[in-house]
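There are 2 protein chains.
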Amino acid sequence: MSLATLDDVFTEQIEDLYSAETQLVSALPKMAGAASDEKLRQAIETHLEQTRGHVERLERIRGDLGITGSQRCKGMAGLLEEGEEVLGESGSGAPKDAALIAAAQRVEHYEIAAYGTAWTLADELGYDDAKRLLGETLDEESQADELLTKIATGGLLRGGVNREAAER
Amino acid sequence: MSLATLDDVFTEQIEDLYSAETQLVSALPKMAGAASDEKLRQAIETHLEQTRGHVERLERIRGDLGITGSQRCKGMAGLLEEGEEVLGESGSGAPKDAALIAAAQRVEHYEIAAYGTAWTLADELGYDDAKRLLGETLDEESQADELLTKIATGGLLRGGVNREAAER
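As they're listed, the protein sequences go chains A and B. My numbering applies: residue 186 is where the first sequence begins, and numbers increase by one. My numbering applies: residue 186 is where the second sequence begins, and numbers increase by one.
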């Protein structure tokens, strides 16, 4: 596609995010299933529900602004391939959970960067409804990332997943 | 590889980062060459120099801890494929620069997530030297991300790359 105007860039970002989120909806159930820690499993399942909502918000933006194209997000594809590798490795319990969290936080940060860009562009272009919807999702992605940090470092679990793994 | 202990997870993270950074050293010159805005080009070139330093820090950590393995970081590979797509698209000037910044910030956020994880694990495992080196790089990655935001939104440029692109 051509990047002649800022609107073109915004369209490309929305198409990329739409692909990224739909890929993630397919991948998260497997990640949840691989988690040993109950709070981690619940956090991933909750985020799966949120992610379905993120897809719906993007569909509203696409409908409102007449964005109909699509392109496979190669960034998310690579991140999920990396997550698949973790799922395929031997090991279990806290070390495996720590590796799972590491993969999940890479995904969250991808989305934080991408929604941050899209929000800024919507602001610049005066797309107020899109800006509001993108901001809501951006907040949820940041909260999901913070929750994963808490699970890893011990806010939610006694000692955290990492402490439990270090004691092995 | 096996993820039986937290040390295994740390080793995997260092191997992943080492691959990610060396891939990035190869990719950044092309991104710098594609930037129209002088400050953006300079920022990418400065980050290339920093990235070479990040590789050296990882080599010290590998040497100190006897980490000899390697594995291709598929996450970074996907992000750089996405960046290549932007380079291949038609368009120039501010819109293209805005898309370039969007791709670069996804890369920075990957690294922020990955170094954040590695720093936390080094802390947990009592690898004080590694923790210090990883923390130094993490700070530089965060600063690079903030600089890109400033270039995009107008801290450095009159109106910023995005404003210039919106006026086309």
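Keep in mind that a hint or two might mislead.
All copies of an identical chain are treated as equivalent in the list; a pair is satisfied when it fits inside any one copy or across any two copies.
To be verified - Simulated crosslink set (EDC-like; lysine to aspartate or glutamate; CA at most 16 Å straight-line):
| id | residue 1 | residue 2 |
| --- | --- | --- |
| 1 | Lys-259 | Asp-330 |
| 2 | Lys-259 | Glu-269 |
| 3 | Lys-316 | Glu-270 |
| 4 | Lys-215 | Glu-266 |
| 5 | Lys-215 | Glu-269 |
| 6 | Lys-224 | Glu-349 |
| 7 | Lys-316 | Asp-192 |
| 8 | Lys-215 | Asp-249 |
For the record, the hints were derived by calculation from the structure and aren't laboratory data.
Hint check:
1. Taking the shortest alpha-carbon separations for Lys-259 and Asp-330, neither the intra-copy value of 21 Å nor the inter-copy value of 21 Å comes in at or below 16 Å.
2. Taking the closest pair of Cα atoms, Lys-259 and Glu-269 come within 16 Å of each other both inside a single copy (15 Å) and across two copies (11 Å).
3. Taking the shortest alpha-carbon separations for Lys-316 and Glu-270, neither the intra-copy value of 35 Å nor the inter-copy value of 25 Å comes in at or below 16 Å.
4. With identical chains, the CA atoms of Lys-215 and Glu-266 are at most 16 Å apart within one copy only, with a shortest distance of 12 Å there and 25 Å across copies.
5. Taking CA atoms no more than 16 Å apart as the test, Lys-215 paired with Glu-269 passes inside one copy only; the shortest distance there is 9 Å, against 30 Å between copies.
6. For the homomeric pair Lys-224 and Glu-349, the shortest alpha-carbon distance inside one copy (14 Å) is at most 16 Å, but the shortest distance between copies (46 Å) is not.
7. In this homomeric assembly, Lys-316 and Asp-192 come within 16 Å of each other (Cα to Cα) only inside a single copy, at 14 Å, whereas the closest approach across copies is 43 Å.
8. In this homomeric assembly, Lys-215 and Asp-249 never come within 16 Å of each other (Cα to Cα): the closest approach is 33 Å inside a single copy and 36 Å across copies.
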